[in-house]
Amino acid sequence: MANMSKRSVRFVSVASVALIAVYFLVGYLDNADSASGQQNLWKRSEQDILRRQDDEAADADDGFVPFPESDCPRFTDYANTTHPPFSDGPLKLPYQRPDDRCRTFYSPIVEKVIEEFKKKIEDPDLARLFENTFPNTLDTTIRWHVNNTDDNKGPRSFIITGDINAEWIRDSRAQLYNYQELAPYDKKLQNLILGAINQQVEFVTKYPYCNAFQPPASANLKPGSNGQEVQVKPEINHDEIWECKYEIDSISSFFGLSTDYYEATGDGSFINDAWIKAAETEIKTIREQQTPTFAPNGTLNPVYYSFESKTWVSTGTLSLEGAGNPVNNNTNLIKSQFRPSDDSSIYPFFIPGNAQAVAELKRAAAMLKKEGHKSLANEMNDIAKKVEKDIWEYGTYDHPVFGEVFAFEVDGYEGRLFMDDANIPSLLTLPDVGFLNMDDETYQNTRKMIFSAKGNPYYVEGEHFKGIGGPHAGIAYAWPMSQIGRIRTTDDDDEIKEALKLLKNSTSGLGLMHESINVFEPPGPNSFTRPWFAWVNTEFARSIIDVAQRKPHLIFKNDEKLTLDDIGKKYGGNTEDSDD
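The number in the numbering used here is simply the position in the sequence shown, starting from 1, with 8 added.
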């Protein structure tokens with residue numbers, strides 16, 4: 009890739025590469041009964057696509073299939089090549105789901121959703137993109153899942169981000185989002201999500217400042233390394249932590265995963281002592297990160313979190329011995345030393361992250377109040393109310409060109425940064441995260457600013473793609489996630505159609521969404537980053553589901569709306585006993 013993501017693993021020994029090459033060569037020769045032996049391994053009829061062999065289903069009675077270690081190709085490699093059958097549209101997009109036996113989780117109701125959407129979507133290329141992206145998390149990223157066991161005391165699930173064998177709190181919440189509404193109709197899917205909640209409880213209770221985690225010890229999976237040399241306070245164990253960049257959206261995502269599940273199912277059984285302890289730990293972390301740099305008497309306040317890294321890029325570390333830039337003592341805003349792109353903040357009060365925190369704290373408080381935890385609910389509402397007030401007071405500005413807009417980051421000293429980054433939460437997705445309505449005047453002004461090269465230094469247009477990017481992948485790269493967010497934050501039909509067209513043509517013919525696109529390069533293997541990025545695949549599918557509800561005439565053969573709940577009621581039935 010022209011600009012590899014900083015998440016990419018940078019250090020692989022020559023010896024390891026050689027061993028891997030020999031391993032796959034031997035596997036290839038074993039299967040190559042003909043010149044097309046490897047291709048035949050993946051060639052499947054349409055009937056095969058939805059068929060699950062009885063013996064495979066029996067072995068996977070909780071829906072989980074142990075991560076393939078034998079002749080199943082690594083999905084990063086698989087996603088970088090095309091596979092039949094191809095769509096009937098002009099783009100001839102490939103079928104990019106792995107073979108049944110190589111998928112990491114199976115849900116019958118998810119297959120029915122794909123079937124129903126394929127019937128209704130008019131554009132065969134768009135239908136194929138949905139077919140590839142909607143199940144991508146289940147197909148490829150369920151690295152470990154168990155139901156109730158003595159060791160784990162309830163379901164546990166470890167959801168990797170894709171091409172990195174680690175779980176991001178933010179990514180995994182988003183990756184499971186589309187399946188939440190289906191959970192009442194598939195007990196195995198419900199247990200998978202419960203397992204993710206329980207595992208995040210363990211993660212954030214011990215390491216509330218960290219964003220990405222190694223496989224839990226009980227999974228018996230070897231931890232990896234990101235190749236970074238870091239000093240972090242509080243101290244971390246690198247066998248347990250992939251990366252410990254404090255991002256406020258990680259805290260919001262912990263609460264979001266739980267409230268997504270609760271609102272979909274009405275099941276509050278997960279709100280036990282362990283969950284409450286995790287929630288209290290997260291609230292304590294928020295309180296610590298509301299602490300200004302200086303006390304009212306001018307003395308330095310304690311530094312609760314610091315991060316220093318030996319790095320070639322300034323966005324990979326923090327200034328002032330890892331404490332980050334100062335903030336004033338006149339606000340209740342919450343610091344976020346890193347952004348959802350995993351890049352360091354310039355001004356620590358990251359406005360989109362604070363806005364998401366307001367929305368998620370309110371949702372979690374409503375859930376806890378219903379479940380009888382009024383004291384914690386009241387504390388969450390108190391924080392949300394004060395942060396929301398200060399977003400409007402300190403996070404807005406009367407721009408000379410665009411009018412009153414939201415700043416991207418502020419510091420309480422009148423320092424303001426005007427830009428947007430594609431990663432969610434962003435200024436673009438303020439309505440999407442639940443902070444305000446999309447017709448809000450300040451938001452509409454902000455939207456004009458961030459989709460303008462005169463207002464946003466990371467808005468970029470080229471011959472082949474356009475959109476918002478960020479410093480993470482490089483100045484020439486726009487992220488499909490920005491066009492995806494654009495769909496969910498407008499009622500304008502033409503804008504939605506343009507975004508869908510850009511996204512359809514952004515895959516370099518590979519049929520999956522990518523992290524970022526070089527807008528100045530023709531489509532090809534060097535024009536994008538990250539072939540296997542489950543978060544963005546989920547966000548794309550979520551936007552198709554959104555359009556199916558709000559604007560079905562833009563994608564369907566008729567004007568009838570379609571929801572996941574409609575499909576669940578038609579085909580689902582939560583009648584299976586849970587595995588104890």
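Just to be clear, a hint being listed does not mean it is correct.
As the list claims (entries may be wrong) - Below, in silico cross-link-like pairs of lysine-lysine (DSSO-like), each with a Cα-Cα straight-line distance of 27 Å or less: (1) Lys-127 x Lys-456; (2) Lys-377 x Lys-292; (3) Lys-512 x Lys-577; (4) Lys-509 x Lys-559; (5) Lys-241 x Lys-292.
What the hints assert, rightly or not - Ranges of calculated distance between the beta carbons of each label pair, as one might list FRET restraints: (6) Glu-123 x Asp-406: 32 to 38 Å; (7) Asn-445 x Ser-383: 57 to 63 Å; (8) Ser-277 x Ala-461: 33 to 39 Å; (9) Ala-484 x Pro-408: 39 to 45 Å; (10) Lys-577 x Met-446: 27 to 33 Å; (11) Pro-408 x Glu-471: 41 to 47 Å.
Note that these hints are calculated values from the structure, not bench results.
Glycine residues also receive a C-beta, built at the ideal position from the N, C-alpha and C atoms.
Now for the hints, and whether the structure bears them out:
For the proposed pair Lys-127 and Lys-456, the alpha carbon gap of about 36 Å is over 27 Å, so the pair is violated. For the hint linking Lys-377 to Lys-292, the alpha-carbon distance of about 19 Å falls within 27 Å, and the restraint holds. Of the pairs offered as hints, the one joining Lys-512 and Lys-577 is violated, with about 30 Å between alpha carbons and a cut-off of 27 Å exceeded. Under the criterion of a C-alpha separation no larger than 27 Å, the hint pairing Lys-509 with Lys-559 is consistent with the structure, at around 16 Å.
A C-alpha spacing of about 16 Å is found between Lys-241 and Lys-292, which places the hinted pair at or below 27 Å, so the restraint holds. For Glu-123 paired with Asp-406, a C-beta distance near 51 Å fails the hint of 32 to 38 Å. Here the CB-CB span from Asn-445 to Ser-383 is close to 31 Å, at odds with the stated 57 to 63 Å. Evaluation of the 33 to 39 Å hint for Ser-277 and Ala-461 yields a failure: the beta carbon distance comes to about 50 Å.
Between Ala-484 and Pro-408, the C-beta spacing of about 28 Å breaks the proposed range 39 to 45 Å. Hint check: Lys-577 to Met-446, Cβ distance near 29 Å, so the stated range 27 to 33 Å holds. For the pair Pro-408 and Glu-471, the supplied restraint of 41 to 47 Å is violated, since their beta-carbon distance comes to about 31 Å.
Against the hints set out earlier in the document, violations occur for numbers 1, 3, 6, 7, 8, 9, 11.
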